[in-house]
Amino acid sequence: DAGVIQSPRHEVTEMGQEVTLRCKPISGHNSLFWYRQTMMRGLELLIYFNNNVPIDDSGMPEDRFSAKMPNASFSTLKIQPSEPRDSAVYFCASNGGFRGYTFGSGTRLTVV
Amino acid sequence: AQSVTQLGSHVSVSEGALVLLRCNYSSSVPPYLFWYVQYPNQGLQLLLKYTTGATLVKGINGFEAEFKKSETSFHLTKPSAHMSDAAEYFCAVSKGGTGFQKLVFGTGTRLLVSP
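Read top to bottom, the protein sequences are chains A and B. So the first sequence is numbered by the numbering used here: it starts at 710 and just counts up by one. So the second sequence is numbered by the numbering used here: it starts at 26 and just counts up by one.
Next up, chain A with everything else stripped away, as it sits in the complex (with noise of 0.2 Å):
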């Protein structure tokens, strides 16, 4: 078992430019979580996911951030353009019933 796989590990862009990151969940596992997290908000759940349908997206900030998920093993988040105050670790979480999340190594995002 490869765990969550995320990529990029880091992604540093300029302001204005698209951004798009990688995850792949757990084989098997059938919902799928995208949260931010950063030093003044802490975790914020963005998006999820089950069995490829998008659930609940109210914690996406804004119209720039778009998710999708063509595939039970494959997500992306999609940021269009980019702004600074988008810099945060992304992380991505899989869930196959209820033995509780398992998260990626996640993706720093900086944009300058």
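Check before you lean on any hint, since a few could be wrong.
Unchecked claim - Calculated lysine-lysine pairs in the DSSO-like style (CA-CA distance at most 27 Å, straight line):
id	chain 1	residue 1	chain 2	residue 2
1	B	K120	A	K777
2	A	K733	A	K777
3	A	K777	B	K127
4	B	K127	A	K787
5	A	K733	B	K74
6	B	K120	B	K74
7	B	K120	A	K733
8	A	K733	B	K94
Said to hold, decoys possible - Ranges between beta-carbon positions, derived for each pair:
id	chain 1	residue 1	chain 2	residue 2	range
9	A	T785	B	T77	49 to 59 Å
10	B	S39	A	K777	46 to 56 Å
11	A	R750	B	V54	19 to 29 Å
12	A	G712	B	T30	27 to 37 Å
13	A	P770	B	S34	17 to 27 Å
14	B	K83	A	G805	19 to 29 Å
15	B	K93	A	S716	33 to 43 Å
Simulated from the structure, these hints should not be mistaken for laboratory data. Predicted model, so just to flag it, every value in this text is computed and none were measured. We put the CB at the ideal spot given by N, CA and C, even for glycine.
Since the structure of chain A is already known, use the hints to place chain B on it.
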């Protein structure tokens, strides 16, 4: 709706001392409760969880937590702190039962361990 409150954003202990991290929850239905640990520059790792049954649950690295319904608490303890326990700890709650459930996290408590 579910929520958790973690008392104390920072807790400092000496190596060998008791660790106590506090978590109180709010839930309109029987909850499932979790503690996660985050080491620097890493993701969150599950320490332990309570779903049903025995209210004292044991986790990894010598940690344990007790579910107290009357106090709506799920405090995390460890008898003797190690330097390697220095990390951030998150309490989380969800609705109980089978099927898909959203996990709600507290704001975290940073544990500092001094020699």
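The hints, checked one at a time:
| no. | hint | in the structure |
| --- | --- | --- |
| 1 | B:K120 <-> A:K777 | holds (26 Å) |
| 2 | A:K733 <-> A:K777 | holds (12 Å) |
| 3 | A:K777 <-> B:K127 | holds (18 Å) |
| 4 | B:K127 <-> A:K787 | holds (22 Å) |
| 5 | A:K733 <-> B:K74 | holds (24 Å) |
| 6 | B:K120 <-> B:K74 | holds (13 Å) |
| 7 | B:K120 <-> A:K733 | holds (26 Å) |
| 8 | A:K733 <-> B:K94 | violated (37 Å) |
| 9 | A:T785 <-> B:T77: 49 to 59 Å | violated (36 Å) |
| 10 | B:S39 <-> A:K777: 46 to 56 Å | holds (49 Å) |
| 11 | A:R750 <-> B:V54: 19 to 29 Å | holds (27 Å) |
| 12 | A:G712 <-> B:T30: 27 to 37 Å | holds (30 Å) |
| 13 | A:P770 <-> B:S34: 17 to 27 Å | holds (23 Å) |
| 14 | B:K83 <-> A:G805: 19 to 29 Å | holds (23 Å) |
| 15 | B:K93 <-> A:S716: 33 to 43 Å | holds (42 Å) |
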